[in-house]
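Be aware that the sequence shown starts at 1, since it is given in the UniProt record's numbering, and climbs by one per residue.
Worth double-checking, as some hints may not be accurate.
Claimed, not checked - Each computed DMTMM-like pair below joins lysine to aspartate or glutamate, with the alpha-carbon atoms no more than 25 Å apart:
#1 157 x 197
#2 165 x 258
#3 134 x 258
#4 160 x 197
#5 266 x 254
#6 157 x 104
#7 279 x 258
#8 279 x 104
#9 250 x 306
#10 279 x 90
#11 170 x 275
#12 157 x 227
#13 166 x 131
#14 316 x 88
#15 157 x 88
#16 134 x 104
To be clear, the hints were calculated from the coordinates, so they are not data collected in a lab. Predicted, not measured: the structure shown is a model, and the values here were computed from it.
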Amino acid sequence: MRILKDYFVTFLILTVLIITLFFCIYYFPQQSEDIVQAKSIESNENYDDDNSHSSDTENIESVNPIEPTKLITGIKINEDLFKSTSNDNERLKILNDSRYNLEDRILGYLGSDIERVGFIYYDLNSNKYMELNKNNTFVAASTYKVKLNVLTYEKNKTDKNLLTKKLEYKDSDYEEGTGILQNLCDIPPTPISELLDLSIINSDNIATNMIGSYFGGHDQVRKEINEMFNISIPYNENITTPETEFRILKHIYDNRNDANYAHLIKVLKSTDYHDRIDKYLPHDIVAHKVGSSNEYIHDISIIFPDNPYIFIIYTKDIENAEEKIAQISKTVYNYQVNNRVIN
Numbered sequence: 001m002r003i004l005k006d007y008f009v010t011f012l013i014l015t016v017l018i019i020t021l022f023f024c025i026y027y028f029p030q031q032s033e034d035i036v037q038a039k040s041i042e043s044n045e046n047y048d049d050d051n052s053h054s055s056d057t058e059n060i061e062s063v064n065p066i067e068p069t070k071l072i073t074g075i076k077i078n079e080d081l082f083k084s085t086s087n088d089n090e091r092l093k094i095l096n097d098s099r100y101n102l103e104d105r106i107l108g109y110l111g112s113d114i115e116r117v118g119f120i121y122y123d124l125n126s127n128k129y130m131e132l133n134k135n136n137t138f139v140a141a142s143t144y145k146v147k148l149n150v151l152t153y154e155k156n157k158t159d160k161n162l163l164t165k166k167l168e169y170k171d172s173d174y175e176e177g178t179g180i181l182q183n184l185c186d187i188p189p190t191p192i193s194e195l196l197d198l199s200i201i202n203s204d205n206i207a208t209n210m211i212g213s214y215f216g217g218h219d220q221v222r223k224e225i226n227e228m229f230n231i232s233i234p235y236n237e238n239i240t241t242p243e244t245e246f247r248i249l250k251h252i253y254d255n256r257n258d259a260n261y262a263h264l265i266k267v268l269k270s271t272d273y274h275d276r277i278d279k280y281l282p283h284d285i286v287a288h289k290v291g292s293s294n295e296y297i298h299d300i301s302i303i304f305p306d307n308p309y310i311f312i313i314y315t316k317d318i319e320n321a322e323e324k325i326a327q328i329s330k331t332v333y334n335y336q337v338n339n340r341v342i343n
């Protein structure tokens, strides 16, 4: 009996030791891990709390932190396919063939005109983009008028009476070409807000000159815009780049909930001209401004299907430029609405 008792005591001690060892191995590491996880969660919660107290500007930056990335689509097109296409109709078929890479299709359609075209296509939800010659300079023509509107709305933030101020017409403001004021025998004092709308809807040159003169001339307008958007092109001539216009349109889109910029978008959707970007698109979703000056034919736009995007295209001395812009725009639009870009 005593031997059995000794065995039992020994067995009991060993059992306690095994249980203790098991407890040390499995319980304490788990507790430590739980503590680390709790600290991690607590740290994240504090970070979120800090963000909740940030300024409006910081909030805007944190809402869309994605860096722009190059958009790659579809199957690469063999160069031999382009070499075998001898006319615009054949190139147009390739442009509209959705099996192939979108960029290749556009470049193939442009053919030898590539160096005389600059464009940017930018998906506003995913920040994915496609571009060609985005830093090449072009005569801005009437696309300048969008900058003039933006500068005026920015100035209105500190001068609340600016938009209602009436400007007097001067002989030096006269300019033929586009617009309705040139047809009036007597141009009455007109509020800046109305002149702005005329500069976009009718591309009115006189309205544009009246506002520009009030701000010290168009060179001064461009100088202030360059400073505002960190643009490094000369301001003493009416030139621009696709990248410059992208910054302007992106600013308009980012401020679309501001009453004045919402109005500007509405006005841009109401222009008189429909032979380029919006020729084959629903007109009511295209906020755009054309520009034409001799061999320079352009259109810049924010387009509002369910998945909005910016499309900007500048051309110099290419045949049938308006139709080529329209065809490329249609192809980009079809891609955008049928192939929602994922981050």
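Non-conforming hints, listed in increasing numerical order: 3, 6, 7, 11, 13, 15
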